[in-house]
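Residue numbers (this note's numbering), protein chains in the order written: chain A, 717 to 1114; chain B, 717 to 1114; chain C, 244 to 367; chain D, 244 to 367.
No wet-lab data here; the hints were simulated from the structure. These figures come from a predicted structure and were not determined experimentally. In this text, a Cβ means the ideal position worked out from N, Cα and C, and glycines have one as well. Take the hints with a grain of salt, since some may be wrong.
For the chain A half of the interface with chain B, some residues (derived, Cβ under 8 Å), not all of them [said to hold, decoys possible]:
(1) Pro719
(2) Glu733
(3) Gly910
(4) His919
(5) Leu1054
Using 35 Å as the maximum straight-line C-alpha spacing, the simulated DSBU-like pairs for lysine-lysine come out as follows [to be verified]:
(6) B:Lys934 - A:Lys761
(7) B:Lys761 - B:Lys736
(8) B:Lys761 - A:Lys805
(9) A:Lys805 - B:Lys826
(10) B:Lys761 - A:Lys1032
(11) A:Lys805 - B:Lys807
(12) A:Lys830 - B:Lys1000
(13) B:Lys736 - A:Lys830
(14) B:Lys761 - B:Lys826
(15) B:Lys934 - C:Lys248
Partial selection, computed: residues in chain C whose CB lies under 7 Å from chain A [what the hints assert, rightly or not]:
(16) Met244
(17) Lys248
(18) Arg257
(19) Ile262
(20) Thr298
(21) Gly337
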Amino acid sequence: MQPVYMDHGATTPVHPEVVKAMVETMEKSFGNPSSVHAFGREARKLLDEARASVASLMGASPEQIIFTSGGTEADNMAIFGAARGMRLKGKGNHIITSAVEHHAVLDACKALEKEGFEVTILPVDEDGQVHVEELEKALRDDTVLVTIMHANNEVGTIQPIQELARLAKARGAVFHTDAVQSFGKIPVDVNELGVDLLSASAHKIYGPKGVGCLYIAKGVKLTPLSYGGSQERRRRPGTENLPGIVGFGKAALISQAEMQAEAERLTRYRDRLIDGLMELPHVKLNGHRTNRLPQNVNLSFHFIEGESLLLMLDMKGIAASSGSACTSGSLDPSHVLLAMGLSHEIAHGSLRLTLGRGNSEEDVDYILNTIPEIVERLRALSPLYEGKEAVTSCTQRR
Amino acid sequence: MQPVYMDHGATTPVHPEVVKAMVETMEKSFGNPSSVHAFGREARKLLDEARASVASLMGASPEQIIFTSGGTEADNMAIFGAARGMRLKGKGNHIITSAVEHHAVLDACKALEKEGFEVTILPVDEDGQVHVEELEKALRDDTVLVTIMHANNEVGTIQPIQELARLAKARGAVFHTDAVQSFGKIPVDVNELGVDLLSASAHKIYGPKGVGCLYIAKGVKLTPLSYGGSQERRRRPGTENLPGIVGFGKAALISQAEMQAEAERLTRYRDRLIDGLMELPHVKLNGHRTNRLPQNVNLSFHFIEGESLLLMLDMKGIAASSGSACTSGSLDPSHVLLAMGLSHEIAHGSLRLTLGRGNSEEDVDYILNTIPEIVERLRALSPLYEGKEAVTSCTQRR
Amino acid sequence: MYTEKVMEHFANPRNVGEIEEASGVGEVGNASCGDIMRISIQVEDNIIKDIKFKTFGCGAAIATSSVCTELVKGKSIDEALELTNQAVADALGGLPPAKMHCSNLAAEALHEAIADYKAKQGKE
Amino acid sequence: MYTEKVMEHFANPRNVGEIEEASGVGEVGNASCGDIMRISIQVEDNIIKDIKFKTFGCGAAIATSSVCTELVKGKSIDEALELTNQAVADALGGLPPAKMHCSNLAAEALHEAIADYKAKQGKE
Ligand SMILES: Cc1ncc(COP(=O)(O)O)c(C=O)c1O
Ligand SMILES: Cc1ncc(COP(=O)(O)O)c(C=O)c1O
């Protein structure tokens, strides 16, 4: 049995053309882009080309793109850089973010609290959506930074970034969005969105792990996160990860060409999965039904626990993820699901399927055939499920 | 003509076996090491193996190794982490470093000055060596961190880390060493050196760019540089650069097997280059004659400027580097050469040749044949050289 | 992350279910923590003749429940009370550090079931 | 980083040397900055009949010196005085931003040489 990988939200397989471009770079253009000689100049050229490709996929100019070691570093660079920079200019020390951000954003904001910043965390509705009115209420004269993600990594809900950014910027705050999950999957245009800072990561778009970028709009000043050489316009020191960056560039080019058709294809699969699995009893869809990433399915199966579900799926060759505490390394289940109002118990039973390039109609069929029996098996094991069998059959007979 | 790459101090070609291991990882083990499923477990296994390989090359245990995006990040993590961490514990706010550190160290220390730390920069002698007595004089009760590099990237001089570390630790300071240039080239054993923190970088040892590591001795606490997921024991968040890390592990294994023979071979080449080029008039060796890295040659050619020299060498297919200001992106020539007492003029005329795995005896011959004519050509262009022709011929006739 | 033994018990859990008229029942954990175990025992002549479990929890929770029932089935009450968390973990070839608490839960549920049995005995 | 024109002038610099009994000599820069240019001119009937340079400096410094001598050789003093930094850079197909100051140096050295010539003229 060919395994079915449906965890593209965690990471994606590297596209064969990306691997090829990286190998070519390592074999033929291993120079340091800072070097004067031919090896260095060749490396510099590849660096410039990759920057242009990544910039183009988000409607930016190449000089607005700073390469980083991934989405996490881009988020930290944006948040620490903008907050500290604005405070140095005497603009204030209030930050606004949302309850459903990735830990790279939330924990960076929390670390800033220790530096004396005040952080307001906006609530979300039961679909995981931030409301513009909530931001309006939270904005203050001393708000220096608003950071709200473009699309959520767990439930796929897409935020109204355009309106949020307009509002924040009208009040003089810098606006950052974490677009790690949306970049390359749905249209992301920095000018249309009107953001000052935007983070992206290569390994979510069939590029290599360990590369990301931060878009920095003209005029936005950031204090650096680290110090050293004069690479990346002195904003991000260290010898550039050239093969990785070339791979990111290639992945961006491929995404640009294929994005629209792929989004339509995956939306079809997504909807089949959601509709199919929702026919089971005691299942809840997490995230907005339509205003969500094409590749994201997130459901809670009552009475069972996520890690067990993942292990059972794994035994059937299906790779997925869960918001269960047992898989997060922390004691609590997904902060995203809790912020959406789910009980601990139901959050523990969540399953995320994230579709991608390698998935086929057959994979969807296989999942739709496999999950019901697994859910039934685990429910049979569950002390919470007693007396629900009756309800189940009722629902099924309807 | 086959080009001669003698800039291994800037970066190294990626070893074919490293490329192979990285390609295999990207093609077969693309999972996220944090994932529960088979793809994730396979990735986790590779991550653990690579960590063991890198640890082994420095005599550390795997759990003491934190992977980073390179030497620069490792240096920053060590310096900011230890200094801020020690201050939080009320240990003081005095840092000691040396005048010949890489900018990743020096500029991180300077940035800490803005946070209220006091920084003492130890001088070096004309060979670039830090004297133990200087550290002894500089150490205070409130010294929290001493950071002195193992081997210098420009002139190759090796520092007496063992004594320096012993002294610093006896006074309660954390000791960090930047071993980016020595790791994999000469023996580096964290226990023998007695350091608390040690930085290394993969792309200097035929591994990929964009990966490095920080060794953290048991019990040493660092405040993190960035926040996010729980990777790398919560010390360095972000999806791990798995192919890069696997490449680093492979490169470490190869270095471990070949290091001794390679060091002997390159020392021979180095000495031929130094002795051969020192026969030219008005040439000065920079760095210690014997207590230097096997692969490093650094000479100043009076009356000529380094970038011109590099370009001429480049036209002859030779890739090298220089401490000239024109190649550093700053206005001043190498701070290392200036700290060793060189005049600006002579520092501008420095040439660094750094040998490596691909170099052969013939490359050495070619360089020894090519440099004299280039130096002569540039001197003929130089307004500083007038009247020195006579001296030259005198010296040559002797 | 899990040993083969853990996965084997997880894939084929022994003694799943509920004993209809049990001599004793123990339940520990709660759903908001992500782990609930219920163990029911049937005791005859001080011997655990039958034992069954139901568990809501991760792979380790299910495997420890399963191995725990296997370890004490046919044993005397006194022998069963000597079952330690470590013994449960050892029988599975070890557990990842983050999952060690699951072995506590299984032994705890068993001890609760025995306590329940003893309490009922006292009443009779 | 450099244009082909820059590299061509760097590889084959025109008018290298020193005019023995020059009408005027200009020297700018200093070694500690990494750039020194000396331009000597031979002027006849207000025309720059010959011009030579010596330069200690980077590739751009050498190329700008070279192209500068080429641009004004055979020109009148007045025409030469009109030579701007931009014209020097343009003649090389442009210079990297960090190197633009090198084009200043070349034009400055030329202007100094002309000033020196004029000063000497005045004295005679
Ligand atoms: C929304 C979001 N932000 C940030 C990150 C972190 O990106 P990276 O793993 O490249 O550091 C991720 C992925 O893990 C993500 O999904
Ligand atoms: C001594 C030293 N430290 C730090 C670094 C920085 O390493 P990286 O380029 O991997 O960030 C280098 C290399 O550039 C170096 O030579």
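35 Å Cα cutoff - pair lysine 830 of chain A, lysine 1000 of chain B:
violated (52 Å)
Given hint glutamate 733 of chain A near chain B, where the shortest CB pair must fall under 8 Å: This interface hint is violated because 12 Å lies over the 8 Å limit.
**Message:** lysine 934 of chain B and lysine 248 of chain C were given as a pair; does the straight-line alpha-carbon distance stay at or below 35 Å?
**Reply:** holds (32 Å)
**Message:** With the threshold set at 35 Å, check whether the alpha-carbon distance from lysine 761 of chain B to lysine 736 of chain B stays at or below it.
**Reply:** OK: lysine 761 of chain B and lysine 736 of chain B at ~18 Å, within 35 Å.
Report task. Grab the minimum C-beta distance from arginine 257 of chain C to chain A and call the hint holds if it beats 7 Å, violated otherwise. Result -> violated (12 Å)
Checklist entry - Holds or violated: is the Cβ of leucine 1054 of chain A closer than 8 Å to a Cβ in chain B? => result violated (18 Å)
Classify the hint on isoleucine 262 of chain C as holds or violated, based on whether any CB of chain A lies nearer than 7 Å to its CB.
violated (13 Å)
Does the interface hint hold: is methionine 244 of chain C within less than 7 Å of chain A, judged Cβ to Cβ? violated (10 Å)
Holds or violated: lysine 761 of chain B to lysine 826 of chain B, with C-alpha atoms at most 35 Å apart:
Violated - the C-alpha atoms of lysine 826 of chain B and lysine 761 of chain B are around 40 Å apart, more than 35 Å.
Take the shortest C-beta to C-beta distance between threonine 298 of chain C and chain A; is it under 7 Å? Since the shortest Cβ distance to chain A is 6 Å, the answer is holds.
Given the hinted pair lysine 934 of chain B and lysine 761 of chain A, is their Cα-Cα distance within 35 Å?
Measuring from Cα to Cα gives roughly 43 Å; hence the hint is violated.
Exercise. Should the hint that proline 719 of chain A touches chain B count as held when the rule is a Cβ pair under 8 Å?
Worked result: holds (7 Å)
The structure fails hints 2, 3, 5, 6, 8, 12, 13, 14, 16, 17, 18, 19 and 21 (numbered hints given earlier, in ascending order).
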